[in-house]
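S.K.: Using the hints, position chain B against chain A.
Chains A and B supply the protein sequences, listed in that same order.
In terms of the working numbering, the first sequence has 96 at position 92, counting the first letter as 1, and numbering is strictly consecutive.
In terms of the working numbering, the second sequence has 110 at position 106, counting the first letter as 1, and numbering is strictly consecutive.
Derived by calculation from the structure, the hints in this document are not laboratory data.
Among the clues, some could well be false.
No copy labels: a pair is met if it fits in one copy or bridges any two.
Capping the alpha-carbon separation at 20 Å, the derived lysine to aspartate or glutamate pairs in EDC-like fashion look like this [said to hold, decoys possible]: (1) K87 to E214; (2) K135 to D152; (3) K87 to E212; (4) K87 to D117; (5) K135 to E74; (6) K87 to D152.
On a predicted model such as this, the values are computed, not experimentally measured, just so you know.
2 protein chains.
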Amino acid sequence: MGNHEKISDAVVRRLPGYYRHLRELEHMGITRMSSQELGQRMGLTASQIRQDINCFGGFGQQGYGYNVPELKQRIGEILGLDKLYHMIIVGAGNIGRAVAHYPTFKREGFLVDALFDVDPALIGQQVGDAKIHALLDLPAYLQTQPVDIVVIATPDAQAQQVMDLAVAAGIRAIWNFAPVDLIAPEDVTVNNVHLSDSLIILSFRMHEREVRKDPA
Amino acid sequence: MGNHEKISDAVVRRLPGYYRHLRELEHMGITRMSSQELGQRMGLTASQIRQDINCFGGFGQQGYGYNVPELKQRIGEILGLDKLYHMIIVGAGNIGRAVAHYPTFKREGFLVDALFDVDPALIGQQVGDAKIHALLDLPAYLQTQPVDIVVIATPDAQAQQVMDLAVAAGIRAIWNFAPVDLIAPEDVTVNNVHLSDSLIILSFRMHEREVRKDPA
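Looking at chain A on its own, in the form it has when it is part of the complex (with noise of 0.2 Å):
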């Protein structure tokens, strides 16, 4: 352990396009891939995936690719997916239950526990293994249930609101669906997924190529 500690932010943000890919490959029965083949694969350079996987300790040797299940066992290490996570999700509304129904999440050690909302109608509905409950008894549940990772899924005007009181509880992970960027205390890791934002860049991009398309 200790030397991933050098991964740069590009590098951290390739790993999970790595674990996927070497997971196929072992599916498919591979256990031995060339830089080259799996730059292909990856829509990367094969010079780029030498460096990269440099980053993380030498594997592979001259002239015989990467040992598949190892690089794979490897990288999920770093990734810390040789672990089991409790989730719970706050908000389950469409983006809550999208969560909590992700085919690949419990595979990969991410156990949805339980759902919270406000809303009555829906308190005590099962959604996939987890059910619903009130959100009045989330202080209760994070005292009493382990729980690693908190989801918030609710509306822009609640999330910072619930991300304190996860983190008064002990949480020290957020995974957060609102687009809002939330204010958490340095020892807080929040990962945001704003689809807005992921949106306004497809927007970008498009109109980059037009603009480059003709020049005005």
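M.R.: Same frame as chain A, but now just chain B:
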């Protein structure tokens, strides 16, 4: 136009955040803001803010700060947000519905005109302003209606097929939520939202903190 062709990927990723914060400030009636204040709101340093904003043409005068509505409008233009976009969503499950109901898209000029699904129980249902059509009607729809962006919210196995169909019909922008890397021609812009990758990066950040706290 044209001077944003040099904007780096890192700056592009921050642009939607600038737009979001500037819009909020404008709503609050704030018309001027210094790089220090904007930096504090956005969790960036003042010099980072100045550098970013210099990338797309100098705004702000020394000592006076930025003109909020002007800067917001300029960033909106760079992002292509001064136009209307017609979107359709393929897959009317939780993710498709979450996108259709997303509160800010319409305000930002992204109109969800229709959804498509294979499930006969869903076809004909209304989701927000849009109706769910049979997937079989997608080719005819693409031939007769204006569509700028196709949102793919299908299971993995169907995603590539939907993209190929959309591309064959002339679509040049794909917003993909299926957890696969789609193969697209050069002139098609694909923006992926890989929820699983985002969760895995959260797991990495948690794990990294632990590793740092207790070095072996």
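S.K.: Which earlier hints turn out false for this structure, listed by number in ascending order?
M.R.: Violated: hint 5 alone.
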